[in-house]
Amino acid sequence: MNEITLPPVSEIDWSTWVPEQVATLMFILRNDEVLLIRKKRGLGAGKINGPGGRIEGDETPEECAIRETNEELLINPINTRFGGELFFHAEDMPRIHVHIYVATDFEGTPSETDEAIPIWFKLDQLPFDEMWDDDRIWLGHVLQGGTVEGYFTFIEERLIDQQVIFN
Numbered sequence: 274m275n276e277i278t279l280p281p282v283s284e285i286d287w288s289t290w291v292p293e294q295v296a297t298l299m300f301i302l303r304n305d306e307v308l309l310i311r312k313k314r315g316l317g318a319g320k321i322n323g324p325g326g327r328i329e330g331d332e333t334p335e336e337c338a339i340r341e342t343n344e345e346l347l348i349n350p351i352n353t354r355f356g357g358e359l360f361f362h363a364e365d366m367p368r369i370h371v372h373i374y375v376a377t378d379f380e381g382t383p384s385e386t387d388e389a390i391p392i393w394f395k396l397d398q399l400p401f402d403e404m405w406d407d408d409r410i411w412l413g414h415v416l417q418g419g420t421v422e423g424y425f426t427f428i429e430e431r432l433i434d435q436q437v438i439f440n
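In terms of this note's numbering, the sequence shown opens at residue 274 and continues consecutively.
Don't read these hints as lab results, they were simulated from the structure.
Where is the CB? At the ideal position from N, CA and C, for every residue including glycine.
Take these hints with a grain of salt, some might be off.
Unchecked claim - With beta-carbon atoms standing in for the labels, derived distance ranges:
id: 1; residue 1: T382; residue 2: W290; range: 14 to 24 Å
id: 2; residue 1: Q436; residue 2: G381; range: 29 to 39 Å
id: 3; residue 1: V291; residue 2: Q436; range: 12 to 22 Å
id: 4; residue 1: I277; residue 2: N349; range: 38 to 48 Å
id: 5; residue 1: P280; residue 2: G381; range: 36 to 46 Å
id: 6; residue 1: N304; residue 2: S283; range: 31 to 41 Å
My request is simple: use the sequences and hints to build the entire structure.
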């Protein structure tokens with residue numbers, strides 16, 4: 274079996290880099306908590322993350338984030354704001370460009386579906402050991418109102434290198 278190697282983030286020409294998927298993540302805040310999901314299938318199954326998924330047709334990233342949250346948790350996020358963009362380069366997983374959104378309210382009751390189990394977490398007790406490695410770098414900043422632009426390389430679901438711009 275050939276060992277996978279990737280260049281450092283700083284050596285990738287991100288201006289010509291092309292993702293295989295464009296997707297979204299949504300994080301819903303309630304007082305000192307955030308609503309996350311345990312993903313039941315697909316890329317990252319078993320991990321904890323925000324709801325989200327691939328952009329379809331001509332929908333905007335924000336429309337996608339709202340639709341995916343509704344499909345995965347049966348709720349409608351409201352009062353959304355842009356939280357940033359993430360770029361994931363890998364050879365053994367899809368290369369993904371992710372748009373992040375944060376909502377401060379929602380309509381409905383978060384419910385388990387065939388895609389996700391909803392779980393509320395205190396903002397100071399996020400389950401980083403059960404999340405993607407990159408989340409511990411940028412998620413707290415976004416949940417506190419900031420935005421990020423993050424570039425990451427992964428091999429076998431492990432973070433290899435990263436560069437994050439915090440705004």
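Here is what the structure says about each hint:
1. T382 <-> W290: 14 to 24 Å: violated (40 Å)
2. Q436 <-> G381: 29 to 39 Å: holds (37 Å)
3. V291 <-> Q436: 12 to 22 Å: The hinted range 12 to 22 Å holds for V291 and Q436, with Cβ atoms some 19 Å apart.
4. I277 <-> N349: 38 to 48 Å: holds (40 Å)
5. P280 <-> G381: 36 to 46 Å: Given a distance of about 44 Å, which is inside 36 to 46 Å, the answer is holds.
6. N304 <-> S283: 31 to 41 Å: holds (39 Å)
The structure fails to meet hint 1 from the earlier list, while all remaining hints are met.
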